[in-house]
Each structure stands twice: as C-alpha cells, then as structure tokens.
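**Q** Chain order of the listed sequences is A and B.
Take the first sequence: its letters are residues 1136 to 1674, numbered as in this note's numbering.
Take the second sequence: its letters are residues 635 to 956, numbered as in this note's numbering.
Where hints are given, some of them may not hold.
[What the hints assert, rightly or not] Here are the simulated DSS-like cross-link-like pairs (lysine-lysine), alpha carbons at most 30 Å apart as the crow flies: (1) 1276/A <-> 1223/A; (2) 862/B <-> 1594/A; (3) 1276/A <-> 1204/A; (4) 1310/A <-> 1391/A; (5) 775/B <-> 1558/A; (6) 1657/A <-> 1594/A.
Treat the hints as calculated values from the structure; they're not laboratory data.
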Amino acid sequence: MTTGDKWKLFLTILAVGACLFTLWPTFQFYSLTPAERQKVLQARPAAATSEAERERLQEMEDLREKAIKLGLDLQGGMYLLLEVDTSKLGRAEARNAVDQAIQIIGNRVDQFGVAEPSIARQGENRIMVQLPGLLDQDRAKSLIGATALLEFKLVKTDEQARALYDRIDSYFARKRFGSADTTMPDTLRHAFTSRFLVAAQGGETIALSSEVAAIDSMIAELARDSSFVMEATLAWDSHEDEFQGRTGRRLYPLDKEPLMRGSEVATAQMRLDLDQDRPGAPGVSFTLTTRGGSMFADITGRNVNRSLAIVLDNRVQSAPNILERIPRGQGSITGNFTEEEAQNLAIVLRSGALPAPVRIVEERTVGPSLGQDSIEKGFTAGAAAAIGIVVFMLIYYRLSGAVAVFALVLNIMGLLAAMAAFKATLTLPGLAGIVLTIGMAVDANVLIFERIREELRNKRTVLNAIETGYSRAYRTIIDANVTTLLPAIALMWLGSGPIRGFAVTLTIGLIINVITAVGVSKMIFDAWSLRRKVSSISI
Amino acid sequence: MFQILHGLNVDWMGRRYFAYIISGIMLTASLVSLIVHGGPRYGVDFTGGTLIEAAVRPAPTPEAVRSAVERAGFARAEIQQGIDRPDEFLIRLGVSEAGTDPAPAVEAALRSITSGTQVELLRVETVGPRVGGELRSNAIKAVFLALGLILVYVAARYDWRYSVGAVVALFHDVFISLGVLSILDREVTLTVVAALLTLAGFSINDKVVVFDRIRERKQALRREPPDKVMNMGINETLSRTIITNGTVALSTLALYLFGGDVIHDFSLAMLVGAVVGTYSSLYVASALALELQLWGERSAGRHRTTSSTGTAGSTRRASSTK
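Using the sequences provided together with the hints, build the complete structure.
**A** Structure below.
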C-alpha cells in the first residue's frame, strides 16, 4: 500500500465513523416504542421540577434534536399556509404586520403545546406553519387563524337603542314603500325589528337563528348607504341561546368607538369559578397593564349601571353590567363558553391580536395512522428494491458485486448522516429519492464493471482493465450524475413542501454517490490488487 | 462471466424509420388522450379544492358515500374507492366558498351513513385556487428550468446536435408519460411532476452514457459513416442500458407495489418513464442527432464520413466552422 492509499483508507474509516456517530441518536430515537417517542417529543426541560429531571429531559431533547426528523406525511400532522391580508395597510406597515403575525402565531402555537412546531415566512405575506403529531385540527386552525381583535365597547342604553331601531325601520319603510305610512301593516312598517323575536325591547334584541342571515344582509345594506349615518355598530352574540324554547342569537347595539382594546391585556387565564350564577362554568379572568388598569377604573367609574360588551372579532363574548368602579385592573369574561373555548380565548388574549386578518390558503393534514402506514410501506418498498438489487449484483458481478453493494451501503449511510447533520426532514418523496439514489449508485458501478469486462475481453491485464475501466467510466458517471442533479436543483428551487424533500435527498445522495461509487470502490480494488499478484478478477 | 446481450450487432440506425412510426403513434395517442380529456387531469394541488382521504368502517358502497356527501351539500364531489382497500375513500371537492371548511361536514356526513359507522380522516388537503395556480406555474417553470439546464450542459459537454436530440427525447418521454397517465385517467399532482422531472434526469443520464460512447468511438473510427458509429456506441452500451434501466424499473416497481396509495402515481409515472426512456435512448436521441448531422452534411453539399473529431473542444470547433 502506498502512503496515499493509506491516507485514503484512513479518511474513509474516519468518515464512516463520523457517519455512525451522527446516526446514533437517530437509531436510538427510532428504536423507542411509539409511546416513548411521544414522551420524548413532549419533553420540556424548562418545565422540570428537579435538577435530575431537568437533566434527563435535556438529554431527551438533545436526542430529539439530533435524530432525523420525519416530515408531516410520515408522522402525521398539519401543514398550513397562511396569507396575511395586508390590503388595508401601507407598505412598511404590511411588512411589519407579517413579522408581527409570525411572532403572535408562534406564541399561540407554543401555548397550544405542540412538539417541534415550525413557523416560517414564505414570500411577501405568507406564513407557513407546520404542526407535527396528533392534534385537534379544528382547534388548531381556529386558534391560529383567529384575529383576536379584542375591544371593550359600551352597549347603547335602552332609549338610544329604541331610537336607533326606529330610524332603521323607517329607513327601510321609506326605501321600499316611499313612506312610513302608519296605516301600513306592522311587518312592513317595522321591516327590521319585526324580524326579531322580542321586538326592540330596549337593548334586548333576539333573533331566531333562521333570521340571522336576513338581518345581516339588511345591516350590510345600511352600511352601504352613505346617506344613512349610524352612530352605532351592531354585533351578534358569539353564542346561540335558548329563547322561549327556540334557538336564537342576541344582537347588541354598541358604541362605534371602543373604550379600550385588547392590547391593554397583560395576562389571561381560563378559570372555572368566575360566574356566581353558574359555578363551575368556564370563563376567562384577565389582568390589565398599568395603563389599562387606570383606563378601566375610569371607564367603569363613569359608566356604572351600563353594560360593557367584551367584543372579540366583532362578536360579543359577554356584556356584563357595571356594578361599581373596578380599580385594580382586573376583570373577567364569562359567557356560554366550553372549557376549550375559554382556554383558546385566554391563549389569544395572552399572545395578542393579529395585526391584520389571516386566511388559510393551503392546508394539508395527514392522520397519524396514514403516516405510520406510509413509513412501513416506504421501508418495505425500499427493502424490496434493495434486496432485489443486491441479489442481482451478487449473481451478475459476484465478488465485485459485493464491493458495489458495500459502496451502496456507505452511500445510504452517508446520505442519512448528512440529513441528520443538516437537520433535513425525511418525507415520503424523500424516501423515493433514496430509492432513486440507490438506482443511480448501482448505475455507476454497472458502468464501471461493464467497462472493466470490456477491457478484459480486449485482452488487457486485470490491473490495466481496472485502471482503464475506472478512468473511462468516471467521466461518464460525472456527466450522468450532473444531468440528474440539474432537475433536482430545479425542484429544490421551485418545488414546495414535500417536493423539496425529494430534491434535497436526491441532491445529497447524488453527491455522495460520486464519492462512494467511484472513490471507495476503487480504493477497495486497489487495496486488493496491490496485495497480491493478480491474474484474475471476480467480475 | 455471466453476461446478457454481449456482442450484439444490431443495426439500430438502419431501422430508425420504424422507430419514428412507433414514436409517432405513442405521441399521437398521448395527444389524442390529452385533447379528449381536456388537458392533463390536474389534482387538487394545481386546481385548488379539497381532497379528503377517509377510512370508513364498516366499508360502505361508493354510492352510499356519494349520497352522504351530496346530502352534506357537495353536489359535485368526486368519489373514488381505495384500490386495494375497499374501506378507504378519496373524496375530491371543488374550491369551496370563502372561509368554509368542508372537512368536518364531510366527516359528519360519512359518520351518518349507518349508525355506528367509524370514520377516520387519513388525509385532508385544501389548496386555495390562487395558491393552486401558483403551484402550477412553479411546476411548469421547474420543468422548463430543468430541461433548459440539461440542454446547456449537454451542449457544452458534447455537441449542439446531441443536445437537441437529448432535449427532444426528454420532451418525448415526458409527454408520453403524461399521455399514459391521461389514458389511465390518473391525476397530475405535485408528486407526479417530481416524478416527471426525475425521469427526465434518469433519461438524460442514459442518453449521456450512449453519447459518451459514440464520441469515444468516433475518435477511434474516423472513417466510418456516422450511423455505423452510432450503432456501435449503442450496441456496446446496450447491456449497461438494460441493466441500469432494469434496476431502476425494479426499484420503481417495488415503490409501485409496496409504496401505498400516496406514491402510487409517482411510481407509475417513473415506471412508464423508465421504459419509454430506455427506448428513447436507443432511438429518439441518437437518431435525431444523426438526422441533424446528415441534414447538415447534405446542406453543406458534400459527403463527409466524419463531421467532427475527438474531444468536446474540437467538436465545437468543427460544428462552428460550418
């Protein structure tokens, strides 16, 4: 062996060692049972109670960090592409709004308790959210997409409300019949209020659920007409209720301008003991900032005996009566919440309101059982392909085939190690990429071996045939790999989500392929041929 | 030595007109199918809409699923029963009105088929119409970018004639694969586009190997006519072509058989590509390069036994002097 060969061998062994070291956590992590793995995924060192536990959780988190990550298509989970509606904002504001939205959504997701969420900006005004693992999809979506524009608005007094509804009624009567003739039937004269179950008894305006859409369109009609100036906003209750044995919804006439906004909320908690009338019913208690506290004291002091509506995204959550001045900047929201809704409301209040509405433009959810199924199938397919190829290589090229198989194993190992090191994600198309890498690796060796056979047929010596075979095939292999690499790069550039996973594995695989298929297998041949007098070769 | 297809001496180029007819038939069939179907059948990825894959147990009939989904208010839903799993259904819905999320409604509708029906949503994909359009234009860009890069690389490494032959062969392969998908009424999704690009990569890989050998032979046999040189190149690399494409076909067949529904279309596209790609390596690419060369010689008005010599550099020089 020459010094150069020794160095090559040394470097190869070093590289193999590094690969094994990099892959060790992955091996450990995926040899856990699914239940144990779930536990590791949820490990939060910050939440540990003792030093020993903290250390153990930290270890688990390190393990999770270093193991190859599985894409959502393999482990199940949710992929959302959100679009921030910045149409009503200026240029600089828009840019800011997206950054802010990312931060706020990040906070909300954190509190939702998903392991390894990933949130990233995509393009101008889009945000990609990936939530791996099992979760309540509807809840996740409503939590992430909720604007959470929280406002405190005074409910109009009964007199104000009655005056407003009278004006609305006569507006529609005039618009549709030319005048508000007192001899007209009631339903025509009171086109608006007659749609309510309890017609305009002060602020108590309740509509049957079936009427809500019709009333909404009338409100929209009013809003479109600039000649009708409405000094109030009308907002529905966030929940349906039972009224006289039928389901309906309450409509509130509110002041247009809010007295205070949700930005003044410092913290919020879900609690079960807030409503004295209904003990155990979920609600949200909140604490205001110092500024908010003094504003709140002022507001409540000036409006005793009025109702203050707590409005979230233009839906009234509750409208309690102000009994007295509330000085300490604390308050609560009760209503017809389920525990989950109260929890969600507390989360969005804590993490703040989105600066602009956010829409879901793309959504992909994979159930965990399908993911598990896909992994199993992917590995079955990979194993079947690998076994078929190994058997073929061993039969067709015998000992040389074994060298090729060894190089192939190194190739796959290197590919996986590189993925772990670069923190790349293994997706289902990624598994397909590995299968294709196997194909390319085999091709490289087939090219070399066929060439060597050809040279042997031309009566060259074994050593000469090997040398010529490698040097001639090398050029072809480079060309072949580069031309396959080009589409992979195009995909990496333009592909989205899952496709990119495919392109990444294929690209890494092809690069390693050139090293292992040509370099490592040549080294083995060299080592073998230099040790003895070679007169024949098993190929 | 265990060998397949060694020492063959097939006159590939002599029969190239026969291949043109075969290619013509395959291309026409693809084109006709695409026209009849009104273009490729784009999946939810590209059109926007919702795809729901659900396991419903006990397995209902597709008609029961259809009427349940229709009752939920989705009149134009497409229902497809799982190929090897009768209790799994693919439900495709068009783009829904803004803001409504069809998945819970469909889930509830499926659950109501019979009392005690178990429903599990395996997969839900919703793509907005605008995003779908963007994904489609990105996919088209990716395909053209990839083909463009290959064209430039092959032209730089070999000869513009080979480059043209190779890229035409790639279009040929991709188009026929699309055609086969269309004939089988399969959807074109993002994954299928990835498969098409990969097969383009594989196919070009194949052609490069053949070109490489042809170039090498040309160097040694300057006096032989170009079609004979090409035949030699193809014959000498034939066993490698068969072995490589065989192993690729084997890999993708494994994916097709064991990979499950999710990569079914991917592996099908790859499988078709591997077969068509092998054929086009033998015929389309080289034959086209040959035609271009012969055409060049005819228009130069004199018969030349060799049009270029040896290395890539001198090949370029030779072609530029014309």
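**Q** Run the distance test for residue 775/B versus residue 1558/A: straight-line Cα separation, threshold 30 Å.
**A** Distance ~28 Å between residue 775/B and residue 1558/A Cα, so the pair holds.
**Q** CA of residue 1310/A to CA of residue 1391/A, is that 30 Å or under?
**A** Cα-Cα ~25 Å, so holds.
**Q** With the threshold set at 30 Å, check whether the alpha-carbon distance from residue 862/B to residue 1594/A stays at or below it.
**A** 24 Å, holds
**Q** Has the given pair, residue 1276/A with residue 1204/A, been kept, meaning a C-alpha gap of at most 30 Å?
**A** Answer holds: residue 1276/A to residue 1204/A is near 23 Å, not above 30 Å.
**Q** Does residue 1594/A lie within 30 Å of residue 1657/A when you go C-alpha to C-alpha?
**A** 21 Å, holds
**Q** Need the status of pair residue 1276/A, residue 1223/A: alpha-carbon distance at most 30 Å?
**A** 23 Å, holds
Violation of the numbered hints given earlier is absent; every hint is satisfied by the structure.
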